[in-house]
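K.L.:
I would like the entire structure built from these sequences, with the hints used as guidance.
In order, the protein sequences belong to chains U and C. For the first sequence, the residue numbers in the working numbering are 178 to 809. For the second sequence, the residue numbers in the working numbering are 178 to 809.
Just so you know, the hints here were simulated from the structure itself, not pulled from any lab data.
Which copy is meant is left open, so a pair is good if it fits within one copy or across any two.
Here are the simulated DSS-like pairs of lysine-lysine, each with C-alpha atoms no more than 30 Å apart in a straight line:
#, residue 1, residue 2
1, Lys739, Lys801
2, Lys518, Lys549
3, Lys750, Lys578
4, Lys194, Lys576
5, Lys416, Lys739
6, Lys739, Lys804
7, Lys391, Lys578
8, Lys578, Lys194
9, Lys407, Lys194
10, Lys518, Lys804
11, Lys391, Lys268
12, Lys467, Lys739
13, Lys271, Lys391
14, Lys476, Lys458
15, Lys518, Lys739
16, Lys261, Lys391
17, Lys254, Lys391
18, Lys801, Lys518
19, Lys750, Lys407
There are 2 protein chains.
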Amino acid sequence: MSDTTFDRPALEQLITKRFFYAPSFQIYGGVAGFYDYGPTGCALMNNIINVWRNHFVLEEEMLELDTTIMTTEEVLKTSGHVDKFADWMCKDLKNGEIFRADHIVEAVLEARLQGDAQARAAKTGETVKNPVEDKDAKKKKKKKGTVVAVELDDAVRKEYETTLAQIDNFSGEELGAIMKKFDIRSPESGNELSAPQEFNLMFDSMIGPTGQLKGYLRPETAQGQFLNFKRLLEFNNDKMPFASAQVGRSFRNEISPRSGLLRVREFTMAEIEHFVDPENKQHPHFADVKDVTISLLSKDVQLSGNTHLVEMTIGDAVEKGVIDNQTLGYFIGRIYLFLLKIGIKRDRLRFRQHMDNEMAHYATDCWDAEIKSSYGWIECVGCADRSAYDLTVHSRRTKEKLVVREQLETPRVIEKWQVEINKKTFGPKFKKSAKAVEEALLSYTDECYEKLQNALETEGKASVEADGQTFEVEKNDVSVSRGTVTEHVREYTPNVIEPSFGIGRILYSLLEHSWWVREGDESRNVLSFPTIVAPFKCCLLPLSGNEAFLPFVRQYSRQLRKNGISTRTDDSKTSIGRRYARNDELGIPYAITIDFQTVEDGTVTLRERDSMKQIRDSFENILKILKESSDE
Amino acid sequence: MSDTTFDRPALEQLITKRFFYAPSFQIYGGVAGFYDYGPTGCALMNNIINVWRNHFVLEEEMLELDTTIMTTEEVLKTSGHVDKFADWMCKDLKNGEIFRADHIVEAVLEARLQGDAQARAAKTGETVKNPVEDKDAKKKKKKKGTVVAVELDDAVRKEYETTLAQIDNFSGEELGAIMKKFDIRSPESGNELSAPQEFNLMFDSMIGPTGQLKGYLRPETAQGQFLNFKRLLEFNNDKMPFASAQVGRSFRNEISPRSGLLRVREFTMAEIEHFVDPENKQHPHFADVKDVTISLLSKDVQLSGNTHLVEMTIGDAVEKGVIDNQTLGYFIGRIYLFLLKIGIKRDRLRFRQHMDNEMAHYATDCWDAEIKSSYGWIECVGCADRSAYDLTVHSRRTKEKLVVREQLETPRVIEKWQVEINKKTFGPKFKKSAKAVEEALLSYTDECYEKLQNALETEGKASVEADGQTFEVEKNDVSVSRGTVTEHVREYTPNVIEPSFGIGRILYSLLEHSWWVREGDESRNVLSFPTIVAPFKCCLLPLSGNEAFLPFVRQYSRQLRKNGISTRTDDSKTSIGRRYARNDELGIPYAITIDFQTVEDGTVTLRERDSMKQIRDSFENILKILKESSDE
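P.N.:
If you want it as structure tokens, here you go:
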């Protein structure tokens, strides 16, 4: 549901001209999905990250980490990424061109629906609204295949629409069936396509010279945080709950990247892993956000085929069970406040709950902060409950205990399965697998113990999976019984609530939300960033190249910097008016002009970007104004 | 020349215990050359980077970029890294174990020299000083092979010492010859080793699903800056000189990483590319650094077999030609001031000029800021003159002009070779290679034109290499002559001065320079970081778990944060004395203690880390003190 009235090409032109970002290796022709940030984009990103760090890490004393991007295969095999972090691709059977399966289905069906609309319109004499013509239009048309005005059966049209609505949720097999059913071919060559195959989205490489040790570029920063859990808990003096955090680069080897910064192969993320007691998801600072009102789109509403937003306070949402618990609610509130602070518009921000079939393999509940841009509603922050998944699998694989041990004030008596291994029979019977069989029996779930007990009692034996084989244990090898034990220490694996921020997506959305065009003799672009994230806070403009201005430029820029106000000097030979216009395009909130009166009396002109209001005062007073504005 | 009296194991223990950094994937056994930074190390690194950004980027309005880590093969082929960025490795011929050739030569010869020293000492009854015993000692001994007390001939000993002194400068062939000559075998197995083979140090991967597009993880951030030169110059309103800068992760797939943070496979760099007119390397702010006195070790001094440091002002060094030009001198001075600012000790910092045979393939001159630690003098910042190398090769490869066009105030008349191509004969004669032959002829050097003219005049023909073939041009195909032209615009490829900072190496050196042990009842570690880079500026300590202290903790920590003073709350149940000791180990300069008097009158105790001096005052006054200290 992209917005076709938004003049995206004009914004894109501004982004390139003012070097917010541009395709990487462009002089070599570029490669899809890679972008370089220029001086403005880089400063904007650094400022967003700084606000993020203050808002989350420093405010809540989170434990920030900086772990490696290169990750060994074993780690990502355990986390499930080697097996499950994949998309479906299909190949043109004649020319070998590769497409992402869901994208090709989407493109072809959308083209057919558009053709249908044109055919129907032609019958009634109407014209069909065309999307704004943009530079890529020709290329896109080619990618989607030429739209041919062919009317479709009502039933077929309906079926296409239903398919498109669910496009994110199909398995590879389902996508294959759809492609067969609707005879979907390459829109470029018209050739048949292969059945969808899995393509793992991680970049791989070999570590060291042996060619034996495989590594991947991390697809998220989270795993590095989980692997350090034990050290982090210790660093936190064993106190729970606590959060770790990390800002850094991650990678996804997308099959066919598109949509600019929204789907790239290399990107900066900021992730928080909040470790919490699964039996107590209260949050100590919940009161700080409970009265914040947000727009919600819950799972239930979506399942009823609706996208109607509900306005609700976070307190109400948690109380009514729309949001599962306080901790999840707390972070949703904090994410909301962060996004508003950096300049995201309230009316283009919503929180959408994932439906069961769209969740990542590790998540049990997930809310996305979605920001509306000309591309539609786009996930920019995920807030997932990863439960105890990651700590459990890493612990099981490494035999390292990743748990919290809580000293109980009053010991508690609990019912528990107890297992006794008969070491005497185990050794001779299972030989070198004895240890593995023992470990398997000790790590059973309650349900399994019940079955085991049952089997041993009724049949005198039971089978056990260990070391990739099946063994048989008999009554005298092992005994299980349910009994009470007194615990002085409670041991548990924490659950993880994970707010995960795609910085590039947020940055792009912010560009759209901040951009407007000032009408006048010629219309001029303005980027109205809040001062807190603006790439530069102030621009220094000497009226001309006159040498008399030089000492003032140097002195003022020093003083501005000393006060933490990042400054850009524009002493090019262009007129002041044109230079103001350039500042507006760079999103610089203030400009200070140095002229001949400055030389006489030390006063300067301050111009504000959005209102264009100008005042004249001593440099010292102007500095005070800027400092107050930056400190806000 | 590592320092064997420094108690490195004790510092390493502190680093791990206080989680400055630790081996990555440690619960999976770890992999050499990868480290994760914990909360203290990460904050320390962020603070170092912030000081760097203020000192260089903001102070001088450099254009900061953020380009991709993944880089296409074509770019790195052109830059020379695919062919030349390699180390020499050799293989155990029986068990396949791989060693870095220069390291193995070094280890074996050092072991033999140590054995010689032991044998000689045994004769005279002396004992040989042993390095401080450390945890890794056993492992290291094994790596180096057992030291056997065998006396060497004086001549052999001398030869070993000479070889070790030049160990960084040998080619693969030379290393192979040395290995043969001295019968160097695997110290672990005693097996023979293969001849040294080149191993490229870049991690590679495939971009996209086709398996056709190879990429590498960048070995430096510089290439991303060069590729964007044209945009940067435009952004800078075509003004020269200017600098771009970048902070980011780079990768080197080391054969056998060692020495902790000093030689790793993934690391954070901060790099500046200063683009300058090759005919004018004056620097506008040179006066700011000309009186700074630094310790220098020039190429000439080293070539005379000396390592004697010379103290000199930068002004003198440039004037005397020790440092080639003002721009290089300016950056050496700025690097020096930066390193002192973050806490590197003056007497353990020197600038060493590279000798011709140790320079990277792209450099024409290079000075390293070397910091002394227990590992010896280690390169932590390189300051290289890359001349016009990178811009020239990328421009030649892409046909994109990467030049500066300078409008000349008065036109100048210069002598120049002029080439005229006879289009009429070119097309029919060279067919589809006509364009390539023309381009080849147009891009000749002066010397080549002279040869060409000569050949055409004496023989009537000459050969030209183009498209990978050799063509023959005759007199009527092309004419070359030397004549005068009047230029209104001067076109030139800028030279690049590159200060390149290894953040991890600087951070490790700073840990060594900041660490000392306070004597007392029990000796206690202190890390005396300057406030500006300390991981946290202040620690808040409620005297006990009493509920009366809670509101004060929350209020004070808020106020501290609001004033930009990063704060860690330590409300664990340990005694105040133990908590002070913990702060000292974390390098936190100030601690504020909240006690019962605070509840009564709002006063708190402030303790300073290094002096342990305590004062009591109202929180507001203490806050003022901290703010002044942080702003410094």
